[in-house]
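Enquirer: Build out the structure end to end from the sequences listed, making use of the hints.
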Amino acid sequence: MTPLGREEAQRRAAEELSKPGYAHESLLDRLYRTLQQLLGDATDFAPGGSPVGALLAALLLVLFVVALVTVLVWLARRSARATTAPGDLFDGRAMTAAEHRQAAERLAAEGRWAEAVQERLRAIARDLQDRALIDGLPGKTADELAAEAGRSLPVFAEELAAAARAFDDVAYGGVPGSPAAYAMLRDLDERLRLARPVAS
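Going from the sequence shown to our numbering is simple: count from 1 and add 68.
Calculated from the structure, these hints are not laboratory results.
A hint or two may mislead.
Ranges of calculated distance between the beta carbons of each label pair, as one might list FRET restraints [claimed, not checked]:
1) Trp142 <-> Leu103: 15 to 21 Å
2) Pro222 <-> Leu103: 54 to 60 Å
3) Asp255 <-> Leu96: 19 to 25 Å
Here are the computed lysine to any residue pairs in the SDA-like style, where the Cα-Cα straight-line distance is at most 25 Å [said to hold, decoys possible]:
4) Lys208 <-> Ala162
5) Lys208 <-> Glu258
6) Lys208 <-> Pro244
7) Lys208 <-> Leu123
8) Lys208 <-> Glu183
9) Lys208 <-> Ala135
10) Lys208 <-> Gly242
11) Lys208 <-> Met163
12) Lys208 <-> Glu173
13) Lys208 <-> Glu178
14) Lys208 <-> Leu131
15) Lys208 <-> Gln197
16) Lys208 <-> Leu129
17) Lys208 <-> Ala171
18) Lys208 <-> Asp257
19) Lys208 <-> Val223
20) Lys208 <-> Arg259
21) Lys208 <-> Leu221
22) Lys208 <-> Glu167
23) Lys208 <-> Leu262
Remember, it's a predicted structure, so these values are computed and weren't measured experimentally.
By construction, the Cβ of each residue, glycine as well, lies at the ideal position given by its N, Cα and C atoms.
Expert: As structure tokens, then:
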């Protein structure tokens, strides 16, 4: 039996792959097949299977893996930016502290206490950020906000932690909210607006 030439082998492989059994090749299988073909081509590039061919094959493999990891990391970051992380204080909206306060008051007037509590804590967070008492807000949780603001305003640390718990209770714990919880946050917000950070 005589060995097949490269063109004949490719023709027969193409015929085999065109059969119905290969019609639904998965993406992973296709990537694996393409990688094998690239490595084979790189090895064949150097006559006699010299170390140069093996080196080229290894280099192509490394480049392929780096490109694949780069694409996966980019997709993961893009996906993370597109969705709000669980526990995130903000839900993607960009509003001023005054707008959050107005929304909170409107929700409280409607008796929607859970939403009013959330909006009032968002007003506190935005106000603290605008006054440079905390760093940027994207992705920050209520607990992180309370801890960071508590370092700038230690007199309010316990109340900020309680406000964060109230936010988490209504946002993620299924607690319905109450006029008392909202009043606590509204009072804290008003006093925080007048507070000044401790000198470091």
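Enquirer: With reference to the structure, classify each hint as holding or not holding.
Expert: Against the structure, the hints come out as follows:
1. Our hint of 15 to 21 Å for Trp142 and Leu103 holds, since their Cβ atoms are close to 20 Å apart.
2. Distance hint for Pro222 and Leu103: a CB-CB separation of about 57 Å, consistent with the stated range 54 to 60 Å.
3. Range check, Asp255 to Leu96: Cβ separation about 57 Å, and the 19 to 25 Å hint is violated.
4. For the hint pairing Lys208 with Ala162, the CA-to-CA distance comes to about 14 Å; that is within 25 Å, so the pair holds.
5. In summary, the hint linking Lys208 to Glu258 is supported, as the alpha carbons are separated by about 22 Å, within the 25 Å threshold.
6. A distance of roughly 23 Å separates the Cα atoms of Lys208 and Pro244; the hinted pair therefore holds under the 25 Å criterion.
7. Simply put, Lys208 and Leu123 have alpha-carbon atoms about 47 Å apart, too far for the 25 Å limit, and the pair is violated.
8. Restraint check for Lys208 and Glu183: the C-alpha separation of about 18 Å stays at or below 25 Å, so the hint holds.
9. Between Lys208 and Ala135 the alpha-carbon distance is near 31 Å, which puts this suggested pair outside the 25 Å criterion.
10. A hinted pair counts as satisfied when its Cα atoms are at most 25 Å apart, and Lys208 with Gly242 qualifies at roughly 20 Å.
11. For the hint pairing Lys208 with Met163, the CA-to-CA distance comes to about 16 Å; that is within 25 Å, so the pair holds.
12. A threshold of 25 Å between alpha carbons decides the hint, and for Lys208 with Glu173 the separation of about 23 Å falls inside it, so the pair holds.
13. Taking the CA atoms of Lys208 and Glu178, the gap is near 28 Å; set against the 25 Å cutoff, the hint is violated.
14. Of the supplied pair hints, the one linking Lys208 and Leu131 is violated, its CA atoms being roughly 36 Å apart against a limit of 25 Å.
15. Of the supplied pair hints, the one linking Lys208 and Gln197 holds, its CA atoms being roughly 11 Å apart against a limit of 25 Å.
16. With a CA separation close to 39 Å, the supplied pair Lys208 and Leu129 exceeds the 25 Å bound.
17. With a C-alpha separation of about 21 Å, the suggested pairing of Lys208 with Ala171 holds against the 25 Å cut-off.
18. Between Lys208 and Asp257, the direct Cα distance comes to roughly 18 Å. Compliance with the 25 Å bound is thereby established for this hinted pair.
19. With a CA separation close to 22 Å, the supplied pair Lys208 and Val223 stays within the 25 Å bound.
20. With a C-alpha separation of about 22 Å, the suggested pairing of Lys208 with Arg259 holds against the 25 Å cut-off.
21. In summary, the hint linking Lys208 to Leu221 is supported, as the alpha carbons are separated by about 18 Å, within the 25 Å threshold.
22. At most 25 Å may separate the alpha-carbon atoms for a hinted pair to count; Lys208 and Glu167 meet this at roughly 19 Å.
23. The suggested pairing of Lys208 with Leu262 holds, with an alpha-carbon distance near 23 Å, which does not exceed 25 Å.
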